[in-house]
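S.K.: Chains as they are written, first to last, in the working numbering: chain A, 3 to 511; chain B, 411 to 790.
Derived by calculation from the structure, the hints in this document are not laboratory data. Using N, Cα and C, we set each Cβ at its ideal position, and we do this for glycine too. Relax, there's no trap hidden among the hints.
DEER-style ranges, computed between Cβ atoms:
#1 B/Pro557 <-> A/Pro389: 47 to 55 Å
#2 A/Ala294 <-> B/Pro423: 36 to 44 Å
#3 A/Pro389 <-> B/Gln671: 33 to 41 Å
Away from chain B, derived, C-beta distances all over 12 Å, residues of chain A:
#4 Leu45
#5 Ala57
#6 Asp106
#7 Trp147
#8 Leu186
#9 Asp191
#10 Ser501
Here is how the chains run, residue by residue.
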Amino acid sequence: MLLSGLLLIPFVGTFVLLLWPTGASPQRLRLVTIVILLAQLALSLVVVGVFDPAAAGMQLQEHHSWVPGIGLDYALGVDGLSLPLVLINAALTLVAAVITRDIDKRPRIYFAMLLLISGAVNGAFLAENLLLFFLFYELELIPLWLLISVWGGVNRAYAATKFLIFTAISGMLILGAFLGLALLTGTVDFSLTPVLSDRLAMGGQLLLLGALLIGFGIKIPLVPFHNWLPDAHTQASTPVSVILAGVLLKLGTYGLLRFGLQLFPEAWARLAPALAIWAAISVLYGSLAAIAQTDMKRMVAFSSVGHMGYVLLAAAAGTPVALLGAVFQMVSHGLISALLFLLVGIVYRKTGTRDLHVLHGLLNPEKGLPLTGSLMIVAVMASAGLPGMAGFISEFLVFRGSIGIFPVATLLSMVGSGLTAVYFLLLVNRAFFGRLAVTPPSGDSLIDARLDVRLAPVAPRETLPAIALAAAVVLLGLVPASLGRLSEVATTAMATVASTVAALSLGVV
Amino acid sequence: MPVISAELVHADPSLAVEELQRRLLAGQTLLSDTPDHLLEVVAVLESYGEVLDAYSINLIYQAEKQFLNPVPIFKYLDGDLSLAKIWRHLNHDRINFEYAEYCQKAMFWHGTGGMDAYLDSPDFAANCRAIIKAKSRRDPLLALLNPLFPQFLPELIRSAATTHALGQFWRVMSDLFLDLARAERDGAVRMIPQVVDFIMDGLVAAAANPIRYGVEIAGQHFWVLPPEANLTFLVDVAVPYVEAVFLRGMPFLGTVSFNAQAQQISPDQAQFAYGALYADPLPSMGAGIPPSLLMQDMYRHLPASLHQWYRERTRGEGDVRVKICMSFQKAMFCVTNAAINGTMPHSLQATDAAQQSANSAYALAWATRLAAGRTDCLAA
Numbered sequence: 003m004l005l006s007g008l009l010l011i012p013f014v015g016t017f018v019l020l021l022w023p024t025g026a027s028p029q030r031l032r033l034v035t036i037v038i039l040l041a042q043l044a045l046s047l048v049v050v051g052v053f054d055p056a057a058a059g060m061q062l063q064e065h066h067s068w069v070p071g072i073g074l075d076y077a078l079g080v081d082g083l084s085l086p087l088v089l090i091n092a093a094l095t096l097v098a099a100v101i102t103r104d105i106d107k108r109p110r111i112y113f114a115m116l117l118l119i120s121g122a123v124n125g126a127f128l129a130e131n132l133l134l135f136f137l138f139y140e141l142e143l144i145p146l147w148l149l150i151s152v153w154g155g156v157n158r159a160y161a162a163t164k165f166l167i168f169t170a171i172s173g174m175l176i177l178g179a180f181l182g183l184a185l186l187t188g189t190v191d192f193s194l195t196p197v198l199s200d201r202l203a204m205g206g207q208l209l210l211l212g213a214l215l216i217g218f219g220i221k222i223p224l225v226p227f228h229n230w231l232p233d234a235h236t237q238a239s240t241p242v243s244v245i246l247a248g249v250l251l252k253l254g255t256y257g258l259l260r261f262g263l264q265l266f267p268e269a270w271a272r273l274a275p276a277l278a279i280w281a282a283i284s285v286l287y288g289s290l291a292a293i294a295q296t297d298m299k300r301m302v303a304f305s306s307v308g309h310m311g312y313v314l315l316a317a318a319a320g321t322p323v324a325l326l327g328a329v330f331q332m333v334s335h336g337l338i339s340a341l342l343f344l345l346v347g348i349v350y351r352k353t354g355t356r357d358l359h360v361l362h363g364l365l366n367p368e369k370g371l372p373l374t375g376s377l378m379i380v381a382v383m384a385s386a387g388l389p390g391m392a393g394f395i396s397e398f399l400v401f402r403g404s405i406g407i408f409p410v411a412t413l414l415s416m417v418g419s420g421l422t423a424v425y426f427l428l429l430v431n432r433a434f435f436g437r438l439a440v441t442p443p444s445g446d447s448l449i450d451a452r453l454d455v456r457l458a459p460v461a462p463r464e465t466l467p468a469i470a471l472a473a474a475v476v477l478l479g480l481v482p483a484s485l486g487r488l489s490e491v492a493t494t495a496m497a498t499v500a501s502t503v504a505a506l507s508l509g510v511v
Numbered sequence: 411m412p413v414i415s416a417e418l419v420h421a422d423p424s425l426a427v428e429e430l431q432r433r434l435l436a437g438q439t440l441l442s443d444t445p446d447h448l449l450e451v452v453a454v455l456e457s458y459g460e461v462l463d464a465y466s467i468n469l470i471y472q473a474e475k476q477f478l479n480p481v482p483i484f485k486y487l488d489g490d491l492s493l494a495k496i497w498r499h500l501n502h503d504r505i506n507f508e509y510a511e512y513c514q515k516a517m518f519w520h521g522t523g524g525m526d527a528y529l530d531s532p533d534f535a536a537n538c539r540a541i542i543k544a545k546s547r548r549d550p551l552l553a554l555l556n557p558l559f560p561q562f563l564p565e566l567i568r569s570a571a572t573t574h575a576l577g578q579f580w581r582v583m584s585d586l587f588l589d590l591a592r593a594e595r596d597g598a599v600r601m602i603p604q605v606v607d608f609i610m611d612g613l614v615a616a617a618a619n620p621i622r623y624g625v626e627i628a629g630q631h632f633w634v635l636p637p638e639a640n641l642t643f644l645v646d647v648a649v650p651y652v653e654a655v656f657l658r659g660m661p662f663l664g665t666v667s668f669n670a671q672a673q674q675i676s677p678d679q680a681q682f683a684y685g686a687l688y689a690d691p692l693p694s695m696g697a698g699i700p701p702s703l704l705m706q707d708m709y710r711h712l713p714a715s716l717h718q719w720y721r722e723r724t725r726g727e728g729d730v731r732v733k734i735c736m737s738f739q740k741a742m743f744c745v746t747n748a749a750i751n752g753t754m755p756h757s758l759q760a761t762d763a764a765q766q767s768a769n770s771a772y773a774l775a776w777a778t779r780l781a782a783g784r785t786d787c788l789a790a
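Turn these sequences into a full structure, and let the hints steer you where they fit.
M.R.: As structure tokens, then:
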């Protein structure tokens, strides 16, 4: 019942909020949401407590037949791949609720949608049945569309519609692949068992895997399906960006590992070299595009495109170290990108702009945003993979695990890691160093020095979530075993199955 | 390009040369007369007076007691070597005497006025020889250093002379600023013009004070700046101080770098504009004497009235040092104003055309230099 609790808490919370008497103040609704999310986080930690890291396979399983005719079962389970993601979902949704302020329109719906997303994401990570996964995968779509289109920026309608179209196609492809599996194998078995050549010919496998790759590739997103993400981020409010980058993108990478690598290991092995090249292209394109951005939020969004490419690279390599790196990358990217979006949000709230041509010297100790700037420096260092922080561990594991299999693609991805330092140093240098100003500099230092900038100070409560995230990033970097312990058995098992099946299919063994 | 909220940036209210010249010739103060300005200027000068007192004592101590000490480790302790004092010093519970030294170095390097001329005179060189000879007898390090680097010790003595002179200057200014605060409390000063007049009267009263400096070596007295040099307060120390610290200042400090080869620094030292009147109150580590050190010191001695006034504005305590610097610049414009009024060639009431023209040219020269400064602080 533990895992059902992880669904019940947010879903019941959604209904509680929707049925809450009208006229309740946004502050009260926020408080209720925070309490519900704290309960969810506590329960997630309980799951971590009872989870046996040494055991392979799904744990705490729950199974109830739901609609047997179409193969839909209520089957939940957790393993070393999904557990960290469940945890990060609980943590980042809580952060999103905490940093939500000044919701003036329809606060009840807003907070209810946050909880709904969190519940749906938990469901997707815990589902052991393909159709159940799909239901939760789709369930998260509508609330996010609402969060962007109702509480977003000026171009929110455009961004929300684009997001909806892209992700709807993603959903259709995934559903198509799942149904195709039933059609081609002639069964309605939607459980998580590997599909091998004795059930389905390689052509069919490649077709279904291709559909899944594009479907999840849109969600991750990978180049060239990334187009919706920068717009969605730019228009979304800060809490929504935190959830989008920190949690929702992970549905894509999780899907790749769970349903691509695990379901179709033979076809995956066949496609792996191409996937590695795709990963390198995604990394390089994302990084180069980030360099070209002048909007801080778009820059961070493009960095997500690049950094998610590492997960694909690791999944393509499929070694135990690489897969562990993939899990680390999902968690560390979740924390780091959430931190980055949170800080960009603070800058935007205080200055009214995110334009790197306009912002200068925000690190100014007295009149600027010194703590925000300092945390931003921590965040960009973590994102660029500096040792001592989470980004280093994940990138090191991914590269170490992949370089033996795909040396060229790995080296190209490493270049992307260097490019991360380029664009984030550009960001820090332009926006945070120099003389404080929020105006295009005239070029005359005397005139610039006369522009007295009046930025409101950042209250400690505004920075507290960012400090917590930064601490988590450093902690994970210093004590990586805390996460490694949870996931290692699962990723090693996954790698072993994948490599054995691949070797069998290629006739090596 | 995004729209920037007007609240974030405000228009530049700097004054033009013509307006500054008009105010000087009309006998108006450069700083507009408002109750807020009066509070800021008088209170900030009071805290400045407290700080100058400490600076003055320390500079005179350094020049007299740390004289020709090549490694003056305890120079900031004023001779008190108790553990408690050393602990407070290391704990940074102390005055930033470094700021006083920056000012001394600026004066020494720009070297204008009669004292600088005297420091290069044969009389001074003769004094130096006698001092070094006496000092070397008991100090083997100096006895070794002097033949190796014959210019080193005379330069140290020149530096000590500037240090002592600045200490004497600040002694007068400290008392003057504390008197001003007392006069304001007593109701004798109620407006900015009265502040400027008070400072001008103080400067004029001290104008002819002699500047002398002698040291004791083994019970024997030696003059460094002897009475015969006829150095006086206003011409030989106050005016060079204003020139060096208010106007020219020092480049090359901080993180904003200037490239002299690219003509970003004027080859003419007299054209430098890095002084207190030009300083950016935002501590962005720009060029010039870092005002933040002085602001830290003044913050420790801020009168309650001004402290409360700061708390109620912008970020309250958060950006209090920036606000102190802005008030300080207003106060320094008042001091400059007093110095200009006091040295005007002729009375402003003069009816003679030649005298009026001389006054006008004098005011124009000052207005031109000041217009490049932070005159934006002068408006209400």
